[in-house]
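**Q** Got chain A sorted already, so can you dock chains B and C onto it with the hints?
Protein chains in written order, with this note's numbering: chain A, 3 to 102; chain B, 17 to 970; chain C, 54 to 229.
Mixed in with the good hints, there may be bad ones.
[As the list claims (entries may be wrong)] Listed next, with one range per pair, are the computed distances between beta-carbon atoms: (1) B:K206 / A:K86: 26 to 32 Å; (2) A:I4 / B:Q44: 34 to 40 Å; (3) A:I4 / C:N182: 14 to 20 Å.
[Unchecked claim] One-sided excerpt, in silico: chain C residues whose CB lies under 7 Å from chain B: (4) S95; (5) R97; (6) S105; (7) W219.
Everything labelled a hint here was simulated from the structure, so no lab data went into it.
Don't be surprised by glycine CBs; every beta carbon is placed ideally from N, CA and C.
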Amino acid sequence: MILIHCPYCEEDRPEVEFTYGGEAHIARPLDPSALTDSEWEGYLYIRSNTRGLHAERWRHAHGCARFFNAVRDTVSDRFEVTYKTGEARPAKITQTGGAA
Amino acid sequence: MSGYRLSSGGRVDRSRALSFSFDGAGYQGFAGDTLASALVASGVTLFGRSFKYHRPRGLLATGVEEPNALVSVDRGPARVTPNVRAPQVSLHEGLVAESQNRWPSLKFDVVSINDRFSALFPAGFYNKTFMWPRSAWEKLYEPVIRRLAGLGDSPVTRDPDHYDATYAHCEVLVVGGGIAGIEAALEAAKMGSRVILIDEQDELGGAALADPALWSTLDALTAQLFAADNITVLTRTTAFGYYHQNFVGASQQLTDHLAPSEAQGPREKLWRIRAGEVVLAQGAIERPLVFNGNDVPGVMLASAGRTLALRYGVAVGRAVVIMAAHDSGWRDALALIEAGVHVAAIVDIRTVVPADLADAARAAGIALHLGSAITAVAGRHAVKGVTVAAGGTGPAHKIACDAVLMAGGWTPSVHLWSQAKGSLVWNEAWGTYLPGKPQEKCRVVGAGAGAWHFGSGAITSVLPNSLPVSRQKAFVDFQNDVKARDIQLAVQEGFRSIEHIKRYTTNGMATDQGKTSNLNALQIASGVLGRPVTEIGLTTFRPPYTPQTFGALMGHHKDALFQPVRKSVIDDWATAQGAVFENVANWRRARYFPKGGEDMDAAVARECRAVRQSVGIFDASTLGKIEVVGPDAAEFLNRMYTNPWKALQPGRCRYGLLLREDGFITDDGVSARMADDRFHLTTTTGGAPRVLGMMEDYLQTEWSDLDVWLTSTTEQWAVIALQGPRARDVIASLVGGIDLSPEAFPHMAVREGTIAGVPTRLFRVSFTGELGFEINVPASEGRKVWEAIFDAGQPYGITPYGTETMHVLRAEKGFIIVGQDTDGTMTPGDMGLDWAVGKKKPDFVGKRSLARPEMTRKGRKQFIGLLTEDPQELLEEGAQVVTNPDAPIPVPMIGHVTSSYHSATLGRTIALAVIADGRARIGETIFVPMADKVIRAKVTAPMFYDPEGSRLND
Amino acid sequence: MIEIAPLAIGATDLATGTAPHTGAVNGLSVSLSPAEPRVRLSLRAKDVGVLSAALGRALPERIGTQLDGIARLGPDEWHALLPEGSPVPAVSGQPLSVVDVTARSVGFTVEGPGAVAALIRGCPLDLANFAPGRATRTVFETVEIQLWAMAPDRFHVEVWRSFAPWLWHSIADGIV
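One chain only, chain A, in its complex shape:
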């Protein structure tokens, strides 16, 4: 069981308190009706399925109950960084280069 740093609680908490929420930074379109079917398909279904550093959503469901974002290495299962919902993906964590 891994430990995950909750950016709201500001402490490392055990994995069993968390739930996974899929890829991060996929905002719901403000006006879905303006989207073509294929654009809507992209929003609904198409995910990067990254091998390596992946920005994803987690929820501290049995803690502060907040959704937040994390960059996790899908190969090693290591969390590089966690950050609050609404914050941009930290610039130093890149998809290919790891933490700079």
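**A** Leaving out everything else, chains B and C in the frame of chain A:
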């Protein structure tokens, strides 16, 4: 010497004799013995039969690496533990153990015929032979192979034992309680850290227990250990798994070392340890040598011979031959001599050994055969002698002996290190992998890190012999019956990676996981391939390090504590009424209330009639409930649900339909506006956590600008559904502060007041089609209010009903149950719920998906009713619907039955179904083919009772 | 044949204890007892000032801490455990949420030198470093709880009503 017990020495307590039995024969040992040491002391050489060839096998080792001596320990009915290593079974009075994998007896085993024909069972034999015909695998090959190639038998009755579990936290976890581990623990404790030290044996000391010169040091160290108040020492505890971020799983044996009559409390305890740093002090495992006859009972590791003599005071034989490739075998020989064991000869594959060792051995009167190898071992159930040849192929001569000790060098125990993804570095000189760079905060100390004082040795694969390898019984993996020849064969057949060789030969599998065989297999493969070991790879080390009981892994989740079963506050009342229950999500709910021997159909028919004709009472407390509060509450619900919410007046209710963003129905429920900024939502019983999570997701991550908050109130409210034409009459005398008249309190309204003196949110809603109320009261008052209503309902014949009646009544009205009539691919249009979709709303969750061509195309399944031509024929839920049962196979299926019941109200059966273009088929006859017949049914609208809804509004 | 279903059904016989259960865990004495009744409020607001003003009292600032019977569970969430009979503040039209959840949960007190040992049998937090003044949602095995550290060796456990019998017995199981 009595039997093989030395007259002195060892750590056993000769003043405490213990009786035990093995395969039905009685033996005696001493306190401090293991089953293995006590049996060897009694002259037993034969411990078991091998997995594939059923060859007779003896003890190989005295520790966790033992591959052969697997026994079943019988602690009474349902308490038989198979596949326990005899050297890890602490002896206690009355211990009962049995050998395994033999029939009818260990000495005479019928299946050992396999061994005579072992040339027919090469590597990959099973894969090659039992391939065809395919159907024979399940019926013939597998059952027979399973019977022949068994390890122990699993118990078939329920485990009566009780298990414990805990989390634990420490700054430093030390795995291994030898001297290196104890020193590491003491050092960490001095820094003020919380330290946990775990060791799998019943006594700390590790290898030092077989080295009397270290005992005083050991005593001094353990005294310090127990004096420190920040060190937790766990003996009889095995660290079986090393997971991310220094999370280590360990199981502690609490009672297996005690006589059953003395065993109290949990049998084992699961430790889930989070450590700041892990120190691995697991030591090293001695490597067997691969030579012809190396599996005859009596051939064992030199370290085992040493441990038997020096720790347990037992001689492995009366005349011992050492087969060495490493200095440590010489040291062991000298130690044995000192302990009073006769060592007849040392055979060493090396031509040159350290002069001090050779001199000491000669001085002790041991015959030396340098540059030589054992080429054959005489004896079947016990060693009778060995043949030794110079260089393996030179002139041979025989040596009489009854035990052979192998000293093939040492393999650091890197299992846990590797589980934690620490890198391994090949050490050519020692012919082994050593820990390299850690991935976790972890370090290895002692022999596990290669820091040992055993001297040096030669790296060998198969010992030289004039016989070709293919004709030698030279075993690499004793447990899985893998010979040197099998590894060679695998390579010849084209397997190059050790991962493939492992699976083809089964080397390093099963309970053993290659503890004694991995390195020898690598060396042999390397030799045949002509490539360095490092290019062949290394098999992956996976948890568990040793087999674990399911009980330990389950911890306290057993019997009544297996999992929480949620009960409403009315459950006790229903139990007292003789209700039959069913599980719905994690809840248990009353399904029906049989009276006087009624079956379910009879009870449900009676309950249904009561609701339609007078009044029924139903516990709806498990419905999910969410309080939505804040200035933007209506705006939020408007975005979530398909229908409009902003215009809903306080005091009114609305049916809400919830889609996923993909447009499919995920939940529904009736919700009420309690105030401008406050709603009382309901969800399905099973959907409550999912819906709350989904709403929180949108609120937190998409619409964080809204000022609205969600609070689960599922368990705040007990919900009493009172349904039927007399419902109002029943509560009239109990309700305070609410005008119950139809004009003042219409269908789909909510009022706050009191009932039986308890504050209530009173909903006028119906899931039955009758006049009805759902009475919400604080859960703590639920039972009291329920009983008050039940009493008040007596003049009306108030009838408690369960979920089955609820299902029938709603089906008569065609009300859907999400998850039963829908399956995650149904749209509001499919279910005939277009009326619940706000056409003018610019957006809601799922709206955009409803506009996809797929969602509106012709041919989608639609929700309809089915009436069988025979009114008593009950369709099966899930049955497929076809238009032409005589069509050639595969018959095109147009849909399936989702709900089907006997309707007492209608005096016939009814069903609901989803079928392609269902609404256009109303009036048509369709067919439901069953195994023995084809059922004809007419398609109808999904509404069988009171289609005008007049009863609702009474 | 091993019957699986009745094992789970057996849990329905469990009832939450009404009297203290005492004993020891790892040789350290501990008692598990029903906590006295409380008024429970779920308090929500983005702006702590708005909530604080509406309630007329100070609120704990740091997530995971408590102050005078109110714990801050998350950035916009507080939970109050107030003496029985405390009024539920009537507030409306403001950017906040007050919901009476008095009947939703029941409380247990786990007290004694073995309190931490009793709780870490199922709670994965490092409770030796969970000082008085801390309070958080967490889990005991598969069940969500709130854990309030009230004093050295004394914890208050909140659990939803329907999980209480299982939780009571799961904790009590280790206290022998």
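**Q** It remains to establish, for every hint, whether it holds in the given structure.
**A** Results for each hint:
The hint said 26 to 32 Å for the Cβ distance between K206 of chain B and K86 of chain A, and at roughly 41 Å that hint is violated. At roughly 51 Å, the beta-carbon separation of I4 of chain A and Q44 of chain B lies outside the given 34 to 40 Å, and the hint is violated. Between I4 of chain A and N182 of chain C the C-beta distance comes to about 19 Å, which sits within the given range of 14 to 20 Å. The interface hint given for S95 of chain C holds, since its Cβ lies 5 Å from the closest Cβ of chain B, which is under the 7 Å cut-off.
About 4 Å separates the beta-carbon of R97 of chain C from the nearest beta-carbon of chain B, less than 7 Å, and the hint is met. For S105 of chain C, the interface hint is violated, since its Cβ never comes within 7 Å of a Cβ in chain B; the closest pair sits about 16 Å apart. Residue-level restraint check for W219 of chain C holds (minimum Cβ-Cβ distance to chain B is 4 Å; threshold 7 Å).
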